[in-house]
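J.: Mind assembling these two chains? They're in different frames, but the hints should get you there.
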Amino acid sequence: MLRRRARELLREPLFHFFALGALIFLIAALRAAPAGRDPGERRIVVTAGDVQHIADGFARTWQRPPTATELAGLVDEWIRDEVYYREATALGLERDDAVVRRRLRQKMEFVVEDAVMGAPPTDTELQAWLDAHPDDFRTPATLSFRHVYLDRDRRGARAEDDARALAVRLGRGGPDADIAAVGDAIMLPTDYDDVSAPEVASTFGDAFAEALATAPVSAWHGPIASGYGLHVVVVRTRTPGRVPALADVRDAVVREVTAARRKRMLDDAYAALRARYEVEVDPAAGAATVAAR
Amino acid sequence: MRKTRIVVVMLLCLVVPVPGAAAPPATATTDIGTLDATTVAKPFKSKTTYSPPAGWNYPRRVYWGDTHLHTSASMDAGAFGNRLGFEEAYRFARGEELTSSTGQRVKLARPLDFLAITDHSDNMGFFPALLAGKPEMLADATGKRWHDMVQKGGEHGVKAALEIIDAFSRGNFPPALMSLPGTAAYQSSWKQIIAAAEKYNEPGRFTAFIGYEWTSQVPPGNNLHRVVIYRDGGDKAVQTEPFTTYPPQGSTTPEDLWKVLQAYEDKTGGRVLAIAHNGNLSNGMMFPVEVNPATGKPLTGEYAKTRARWEPLYEATQMKGDGEAHPFLSPNDELAGYELWDKGNLNLSEVKTPEMLQAEYARTALQTGLQLEAKLGTNPYKFGMIGSTDSHTSLTTADDDNFFGKHAGAEPNPTRATHEFMRNGDVFLMGWQQVASGYAGVWAADNTRDAIWDAMKRKETYATTGPRMMVRFFGGWDFTPADAETRSPADAGYTKGVPMGGDLPAPPKKGTAPSFLVAALKDPIGGNLDRIEIVKGWVDAAGTRQEKVHDVVWSDGRRVGADGKLPPVGNTVDVANATFTNTIGDTELIAAWTDPDFDPKLRAVYYARVLEIPTPRWTAYDAKRLGVTMAKDVPMFGQERAYTSPIWYTPKS
Chain A
1 MLRRRARELL
11 REPLFHFFAL
21 GALIFLIAAL
31 RAAPAGRDPG
41 ERRIVVTAGD
51 VQHIADGFAR
61 TWQRPPTATE
71 LAGLVDEWIR
81 DEVYYREATA
91 LGLERDDAVV
101 RRRLRQKMEF
111 VVEDAVMGAP
121 PTDTELQAWL
131 DAHPDDFRTP
141 ATLSFRHVYL
151 DRDRRGARAE
161 DDARALAVRL
171 GRGGPDADIA
181 AVGDAIMLPT
191 DYDDVSAPEV
201 ASTFGDAFAE
211 ALATAPVSAW
221 HGPIASGYGL
231 HVVVVRTRTP
241 GRVPALADVR
251 DAVVREVTAA
261 RRKRMLDDAY
271 AALRARYEVE
281 VDPAAGAATV
291 AAR
Chain B
1001 MRKTRIVVVM
1011 LLCLVVPVPG
1021 AAAPPATATT
1031 DIGTLDATTV
1041 AKPFKSKTTY
1051 SPPAGWNYPR
1061 RVYWGDTHLH
1071 TSASMDAGAF
1081 GNRLGFEEAY
1091 RFARGEELTS
1101 STGQRVKLAR
1111 PLDFLAITDH
1121 SDNMGFFPAL
1131 LAGKPEMLAD
1141 ATGKRWHDMV
1151 QKGGEHGVKA
1161 ALEIIDAFSR
1171 GNFPPALMSL
1181 PGTAAYQSSW
1191 KQIIAAAEKY
1201 NEPGRFTAFI
1211 GYEWTSQVPP
1221 GNNLHRVVIY
1231 RDGGDKAVQT
1241 EPFTTYPPQG
1251 STTPEDLWKV
1261 LQAYEDKTGG
1271 RVLAIAHNGN
1281 LSNGMMFPVE
1291 VNPATGKPLT
1301 GEYAKTRARW
1311 EPLYEATQMK
1321 GDGEAHPFLS
1331 PNDELAGYEL
1341 WDKGNLNLSE
1351 VKTPEMLQAE
1361 YARTALQTGL
1371 QLEAKLGTNP
1381 YKFGMIGSTD
1391 SHTSLTTADD
1401 DNFFGKHAGA
1411 EPNPTRATHE
1421 FMRNGDVFLM
1431 GWQQVASGYA
1441 GVWAADNTRD
1451 AIWDAMKRKE
1461 TYATTGPRMM
1471 VRFFGGWDFT
1481 PADAETRSPA
1491 DAGYTKGVPM
1501 GGDLPAPPKK
1511 GTAPSFLVAA
1521 LKDPIGGNLD
1531 RIEIVKGWVD
1541 AAGTRQEKVH
1551 DVVWSDGRRV
1561 GADGKLPPVG
1571 NTVDVANATF
1581 TNTIGDTELI
1591 AAWTDPDFDP
1601 KLRAVYYARV
1611 LEIPTPRWTA
1621 YDAKRLGVTM
1631 AKDVPMFGQE
1641 RAYTSPIWYT
1651 PKS
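One line per chain: the protein sequences are A and B, in this order.
Every letter in the first sequence is one number past the one before it in the numbering used here, and letter 201, counting from 1, is 201.
Every letter in the second sequence is one number past the one before it in the numbering used here, and letter 66, counting from 1, is 1066.
Isolated chain B, as found in the complex (with noise of 0.2 angstroms):
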């Protein structure tokens, strides 16, 4: 794929006159025969052919994944009580019935078509090592300790587990205890995630990526988490072991991440790129606005390239908390507060603070990363968005009437949503506070690593909480309303504009502004959909952040309010019986849509939010299902949405 792309920039070259320079040579002779302008032209389609499915070769399909799922070889799942492993994690993907690590019968209501095993580097196959009682888990006092509780199991175990992430998140885990790279132990485990990656990988059917997740959490427990996934198979993944956060060999610094990513494709001429999350935990450290908080100088050049080459995309939604928008950053936005979690950082150890916000939540980050692109030359926050589960009971659960927990513990039973979830002296988390979240949607050319992975590189993804609406997004400069009366939206998009992920060409003359066409389908058993919003972010003249939240097209006919705002689409939730009827919204949305208020020398980045109508939420489901009183205070039903990659414009300097 790779080489193709190289290809085909080279014949570029070779076709395209440079100005001032000779004319093109007729031909060129390469070391595989020798080109002339016909052959070139070859590969190219024509314009026109008389059947117009014959000249698509876009991704004419979504797929769908989870890029980041735990099972018991990331320690802290293990302590929680889940004993599923890889296999039985594949196959659940897969669309099997299983039965869960609390002996429940479980089964997906509709398979999914990739899925990335991300345990935990550090401490990779610690779990299972403590489990067994290893002599030198049980040397130490701590250990013993440890072992002596999760062996007792139930509540024991739970508290061991919550000591053991708070010892990590602190920094004081025992060194005794830790699983290093470099070992046996952990070679080995890491040998056996990508042998289990290779075993369920099936071209064309199902994609298993390779992948790790890096914990890094900066003391007290400010989570910098990143996701890595790999585009190639075991035969490169397993030359180098996953990057740790643990001093002397692994750190908690970004900037020594991107260093192994780069040595990893240096040795071995593979791919891999990182996705970062929950900087709603981060206390103000996933996305610096001026100062990079591991050198405490202000941010360089070199911070935001590096940023930018290897982080292409950012998990937006997911178990953790929603983290698209804060109503505190967005208070224009009614739809902003959606699955917050605001108390604190990853283990509550210290309080949020407002101020935290602006560097914790993606549509801000845009902002900022423009902000950052006018004064560093590089954008380090042009990401796309993809949402995944973050699950760490091995089932890839995020259908709030399907919904298995953030941990073997939270698996269904009476007590998960009126229990805490965890507690720092006053400040706590209840249990009901677990999102059932959510989904990566790729426009993927073919289920395949490569096809999937090309894509995520070039952020032709969305996030959904949860549901698979088909959304299509893109940006041009001369979408029209009859783009959106057509019956293939794709064909005037990817024709006429770039798609989601993609940057708007420079504007074909004085005075016109970016157009775009939007579509979104409801997932086939899911809620209809209430409307679609393009959420414009900009930096004004006097270089500050500004954003506006556009209502593009709505359903059933409703009518702007003389307050400006659209009317909300109303609610069929029967929370008794955790039903809803799809009485209320729309199957589709379509529409073209013009920036009203674009000023050309302005930076901007565009994205697209969808809105369902009100469902059920899990909790609703466990009320209905486990005989629960909820207490007043818990959700019952909410507004699932998606969250498109943006489009950015960048003025000609």
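The shape of chain A in the complex, shown without the other chains (with noise of 0.2 angstroms):
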């Protein structure tokens, strides 16, 4: 009861809200707390932390570290870069900026995705998924068969009959009748054991594929037409797909499941935050440049 409410509340847009504002909060109190990094402020400190960083950057690309001379000037760099970043923010430079804005949307999202996304999905929430979504996972059919080929360039307007004709002719020899040397040559297999419905429709196509998914069993049966031609056919073993247990197919149900959340997630969140705001978009304002269609 207490779990379905905590996931009933996980799900609400008012508690992604109450949880980005914290999360915003979080961020911003963390940025503001090493010394010297409000861009209010004049001063500015490179702390053993930030040069080790720079330094492991350089060793990354070059596969060696800096030598000091270098190291000195990617520090410079370094503090130009945030001299600049600080009169630029002074000034709103970033505000009417469509890169930035981008930018900031995009790591706005990263951030969103990550705070979001949360614990890996639990049993019950996979074979929830699994429950409710069979169809994605179930197992495909499986089955053994034999089959007869007729040529239908060789045998004309005969090979229907044919078909029908040698279907009566080997279901007096059983399913294990002698097929050797019946029928026209073709370079497949006449034996097919334990093979998956989809592997039949790619070698046979879908038609034949469906055909033989409603065939009598232990009982030659035909003519089926396959891309090739007529077929006649005898289904030994049909074994219906089964949904598998959450075990076997733990992986592709969590990539799903991930999937799904991430989406409604992120969502979600875009819905909680666009909330905040009132907005107005003048009515006129597109007549002018629509484009006419």
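Among the clues, some could well be false.
Quick list of in silico lysine-lysine cross-link-like pairs, BS3-like style, CA-CA up to 27 angstroms [said to hold, decoys possible]:
hint	chain 1	residue 1	chain 2	residue 2
1	B	K1152	A	K107
2	B	K1343	B	K1305
3	B	K1652	B	K1548
4	B	K1199	B	K1107
5	B	K1624	B	K1107
6	B	K1601	B	K1375
7	B	K1548	B	K1343
8	B	K1457	B	K1375
9	B	K1199	B	K1267
10	B	K1297	B	K1375
11	B	K1144	A	K107
12	B	K1134	A	K107
13	B	K1191	A	K263
14	B	K1601	B	K1496
15	B	K1259	B	K1297
16	B	K1191	A	K107
17	B	K1191	B	K1259
18	B	K1509	B	K1652
19	B	K1199	A	K263
20	B	K1305	B	K1652
21	B	K1267	B	K1457
22	B	K1352	B	K1496
23	B	K1134	A	K263
24	B	K1236	B	K1509
25	B	K1375	A	K263
26	B	K1191	B	K1236
27	B	K1624	A	K107
These aren't lab readings, by the way, just hints derived from the structure by calculation.
T.: Below, the structure written as structure tokens:
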């Protein structure tokens, strides 16, 4: 009960709103924490950590640590960045810059994404997803069958009759009837054991695979048409697809749950943020610029 | 797998008596136990079993895939408007329906069995950075201009893309804009690629290879591109970064790529191979005949050995032109002019001259390889064939009735065929020249990274221009017409000979000529088959390249004319309605063929080419579905085809 309440709460946009608010506050607090990081302040402190970070970046590119001169140059460059960054933001240069806006939006989306992705999905959650979307994970039906091929090119108008007669004749021999010298030659094996329905479809075509799915078991049957011609078939066994246990498809379910959660969370988070604003678009604004169609 | 093979080799060494040596010991002690002859024999199947399928352990199924696909992480793909990433690319290849970058619903008629996403290693992640407007991008005047153009979108974006590609291929890409290996951004792009492959790789059902493209363009734009395919998982692949082409880290010289591949294997114990493509845009550099363009000196034995070691396959057909054969090189082959791109190099900055062609097309390169083998001791061009798309839309589409173009700007729209695709001065290519091609067929034991990669390494593969016909090709010394009448040609094929990609064993006795068993079964949802040809290449006693195309088996009981030529199969294509009928051609073709001109003293190479009957080209579907009027010179149908990996004959020295 409590858990369901908690789950409902997690889905609540208002909850996201508060969570986000807390997060933004936290980030702001963390960012403000190191001395000298406030753009308004006239003090720039380059910490040992900063220098290490700069040196690491250099080493990754050049596969060696920087020399003293190089490092001094890099630090100078870092300070130059910082000075301009502070002056530019003080002047508000970032505000009407499409690139900066886009970049910040992207960063914000990353932050939201990290924040909302939260803990990996629980087994309960995964099981619920599997129960709700069984067809996405169902194992394909498998079947074992034998077939005799009849070449339409060679037999022409007789092909269908030949196939029907053959089905009757083979019926007398049962599923194990000797077919080594029956029908026409084709490169495909005569016996298929435990093949999946999609595999049958990719070899013989969709229509053939569908026909096999409903053909009687243990009885010679035909003709069934494929992309090659006609076939007389006997289905030996047919195992319907089943919904596997969670343990067998865990990775796939995690993939789907995470993808769905990500999409929902991002939409919800945006909706929550968006709800904080009252938006007005001048109704006349677009009229002059919209292309006539 | 590798381990198994080593063990088998060891076992064979144990049981095969060595002439002149003492009799082999009856038992041998290894660190996993003592072996005796009975134990050793156990894993090897006895020759005869009552149930025929029980003895089969050869590949019974061909797996279909694309070894060359770009996503939005490739800078040119992104610039053209591709917004689909790795996940979408894998989902699409696995058969899911999705929305393309231009908002169109799209799905493959049939899923693929495997896929390698091969984004350009240079500037991997450049485009996402440009799009995001990273400060270092905007600090550069050119970067700023590109950024603005891409932001404007549409035509401007396309123009930016072309400028970016052009700057890159001419070697004057602004250094400040490079996304270089070693940087955090670069590493994160590579890790994302690996993570996506790991996520979608599902042994037994779908294989996702880790890979990248090394996009070497020798200025002014000569194409020496290779895709690199890992056999390994992310644990190994992540230990090194992709090789790039920009100095100082990168290089445009293939020898440098091979060094890096060697270093990867040395460091990780992994396995990797490279596949070259688009020799047709290399302006005479892809398969050098005498002089190595990188050194200006004659090719060496070392070059030949190293190239053969790393490059077992060649991508013989793809969207930027077919690379099997050129009419100038094969004047007696009336089917050699298929979907040619032969106007210039990759960016059309240098026009093509006829003498370049010999170093550009697969068929001639196979013959050059024989010449070089005689001279250098190793055949550098001993490659098998595969096809792939090189699509830049994240959508691996090679079917003419479902073609989503080379890049996002060429996804279905009324002007994609009629607009120029590329222009440089007076030289240009039209949109309709894009080719809806191709796929790789691989005869593997299973759908796993190991099994498919191993099959690629041993060249048991073939290229198709899109349709999924099943093709078998075996070479040996005693194939007879009776073998072509059995129900399972592969049984005879593997028992009496070697499959595509193999070497003929030494002839059993004097005066025997090699014989081949070749069979093709149509694509179950494609066109019927016209004919199978065996293309023989050899080097004559004077050391000159020679070739001959033999029609081996064909449909509809046609008779060879007085001129020695097989009459064409006919044409049922209704261009206006973009349809055809399978009323001509055959479902299956199969034959045993013996080389009538065999000379045991001469090196030779054989491969099979399978032709479908004419079917509508993608331009016909565009004309019908989008109401486009095509110019008179636009081809509206074509004969799709498959090229098998060759089988080689080497005389005993």
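J.: Hints first: check each against the structure and report whether it holds.
T.: Checked hints:
no., hint, in the structure
1, K1152(B) - K107(A), "holds (22 angstroms)"
2, K1343(B) - K1305(B), "violated (32 angstroms)"
3, K1652(B) - K1548(B), "holds (23 angstroms)"
4, K1199(B) - K1107(B), "holds (21 angstroms)"
5, K1624(B) - K1107(B), "holds (20 angstroms)"
6, K1601(B) - K1375(B), "holds (15 angstroms)"
7, K1548(B) - K1343(B), "holds (26 angstroms)"
8, K1457(B) - K1375(B), "holds (25 angstroms)"
9, K1199(B) - K1267(B), "holds (25 angstroms)"
10, K1297(B) - K1375(B), "holds (15 angstroms)"
11, K1144(B) - K107(A), "holds (20 angstroms)"
12, K1134(B) - K107(A), "holds (12 angstroms)"
13, K1191(B) - K263(A), "holds (22 angstroms)"
14, K1601(B) - K1496(B), "holds (23 angstroms)"
15, K1259(B) - K1297(B), "holds (19 angstroms)"
16, K1191(B) - K107(A), "holds (19 angstroms)"
17, K1191(B) - K1259(B), "holds (22 angstroms)"
18, K1509(B) - K1652(B), "holds (13 angstroms)"
19, K1199(B) - K263(A), "holds (18 angstroms)"
20, K1305(B) - K1652(B), "holds (19 angstroms)"
21, K1267(B) - K1457(B), "holds (20 angstroms)"
22, K1352(B) - K1496(B), "violated (45 angstroms)"
23, K1134(B) - K263(A), "holds (25 angstroms)"
24, K1236(B) - K1509(B), "violated (48 angstroms)"
25, K1375(B) - K263(A), "violated (62 angstroms)"
26, K1191(B) - K1236(B), "holds (12 angstroms)"
27, K1624(B) - K107(A), "violated (45 angstroms)"
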